[in-house]
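Work out the full structure, taking the sequences as your base and the hints as a guide.
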Amino acid sequence: MKSGSNLERLLEKGEFVVTGELGPPKGPDVEVVKKKGAMLKGNVDAVNITDNQTAIVRMSSIATSKILIEEGLEPTMQMVARDRNRLAMMSDLFGAYALGIRNMLCLSGDHQSFGSHPEAKNVFDIDSIQMIYMVKTMTDEHKVICGDEIEGDFKMFIGAASNPFADPFQYRVHRLAKKIEAGVDFIQTQCIYDMKRFKEFMKQVVDMGLHEKCKILAGVTPLKSVGMARYMAANVSGIIIPEEMIDRLKGAGKGNVAAEGIKILCEQIQELRGIKGIAGIHLMAIEWEHKVPEIVEMAGLLPRPTL
Amino acid sequence: MITADRKPFEEIKESIKDYEKIMVLGCETCVAVCQAGGEKEAEILASELRLAFGNEGKKIEVNDELVVRQCDDEFMGDPEFLKKVKEADVILSIACGVGVQHACNYFNRVITDKPIRVIPGLNTTFMGANIDVGLWEERCLGCGDCVLEKTGGICPIARCAKSLLNGPCGGSSNGKCEINKDTDCAWHLIIERLEALGELERIKPVEMYKDWRPSHSGGPRKRVREDLRL
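As they're listed, the protein sequences go chains A and B. Residue numbers for the first sequence follow this note's numbering, beginning at 1 and rising by one. Residue numbers for the second sequence follow this note's numbering, beginning at 308 and rising by one.
Fair warning: there could be bad hints in the mix.
What the hints assert, rightly or not - Think about it this way: if two alpha-carbon atoms lie no more than 30 angstroms apart in a straight line, the pair counts; the simulated DSSO-like pairs of lysine-lysine are:
hint: 1; chain 1: B; residue 1: LYS488; chain 2: A; residue 2: LYS224
hint: 2; chain 1: B; residue 1: LYS511; chain 2: A; residue 2: LYS199
hint: 3; chain 1: A; residue 1: LYS263; chain 2: A; residue 2: LYS199
Hints in this document: simulated from the structure, not taken from any laboratory.
What follows is the structure in structure tokens.
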């Protein structure tokens, strides 16, 4: 056991976990966080708190995580390499631990050119794989990068992302292996729509025995509309949405598209549960948190296990 | 080479509007090759300025001069040239940022009875290569600790938008970078090259934290060769 978080203990126990996602508000509005948190409570095992996602300024991941803890949820604090150098990362990690945060996710971060302040200077002092190694060293050896001892306890359950749909495809599994070598405990994948490609990826994962070295959660996002599906396929890095899925949404007819999107999602979850090496689902219901209770219910993921 | 682009004409015009005697100073090295600040460009800019101010009825004298390299004392000591420098109200240098600063430093060292004003006519962009006719691309950030032997001769520091040492990130799609579809994913190129060389194993181990001290992060850099110093 590392950090002893709810997420870690459930995964250790072999439970099929469900993690959710919460995007902090574009300002210090605590009520937004509480409202979104209430929709997720009891429906997921831990909640990712994004860190200035798509490079748009929002309430900090660390503060939002703390509010969620107070609301009785378990956060997974995301941290991107874009906005912080190694000093800021380690200092924020100390703060995060002191505030009760026990899961974190190491990410490169979307380039700032996508976001609200494209004129900003980025940092990228260390990359996401080096970040994993840094947190692993802090957790296992109780030392910061320079070798100095950490004062007081520090333990994190370390997560990272994997995108099986980015290119070059044949290299993707090796990048996952590098994250494992660096010390990652769990992986959440990019949103899966192209099941064929995902199964090919998972076959490589299982053939290399990587699923035994870290827990892999399959990322899913419900498609709310045909427009959203088209937008994501065209604009979101590393998302592939098969044309037949878009046709199925279109075929649902006016007023029924969202329900069809949820139906597709539940079928996907069932299919993912059957894939060897999948330890859970990472449900990213972006600005659709109020649908989470319905989705997890329909997908047969309730009740969530307690320890 | 160092590449540069001419500043917008209006910006240049605004920057010299308070002076009467202007010397446009070209540089015959990098910026001449990338056709931003060589002899031809100095002549063109000088005539454009004469024409623009002339149309406004403003009294102005614009001359153009050229030195081989504005970043080196060796090419700027001609007494006739220095006389003209001294006579000018402003030197509009169309060298790179190094040339502008060095010319300013040099002129003020050798001309001691009058401060010499040097201002830039170019925006210096990057250290890059001439890829095709009219096309230059960034290739080096001068990080002071070259990793090209590990990455198939393709630099992840300069050519990956996130300078990742363990790429590619999740934004790599069809060989292109997430920032735009005109930019190659450096890590896609690295993987292809290493695969062709049969050296893909090179990037399988985790590449550890980079020491940025030899780069600009360590502060402004200086290079000393004791054996060459007098």
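Checklist entry - Given the proposed pairing of LYS488(B) with LYS224(A), does the C-alpha separation stay at or below 30 angstroms? => result The given pair, whose Cα atoms are some 27 angstroms apart, holds under the 30 angstroms limit.
Item to check | 30 angstroms limit on alpha-carbon distance, applied to hinted pair LYS511(B) and LYS199(A) | outcome: Within the cut-off at roughly 23 angstroms; holds.
Next on the checklist: Checking one constraint from the list: CA of LYS263(A) to CA of LYS199(A), max 30 angstroms. Satisfied?
Outcome noted: holds, 20 angstroms
Hint violations for this structure: none, all hints satisfied.
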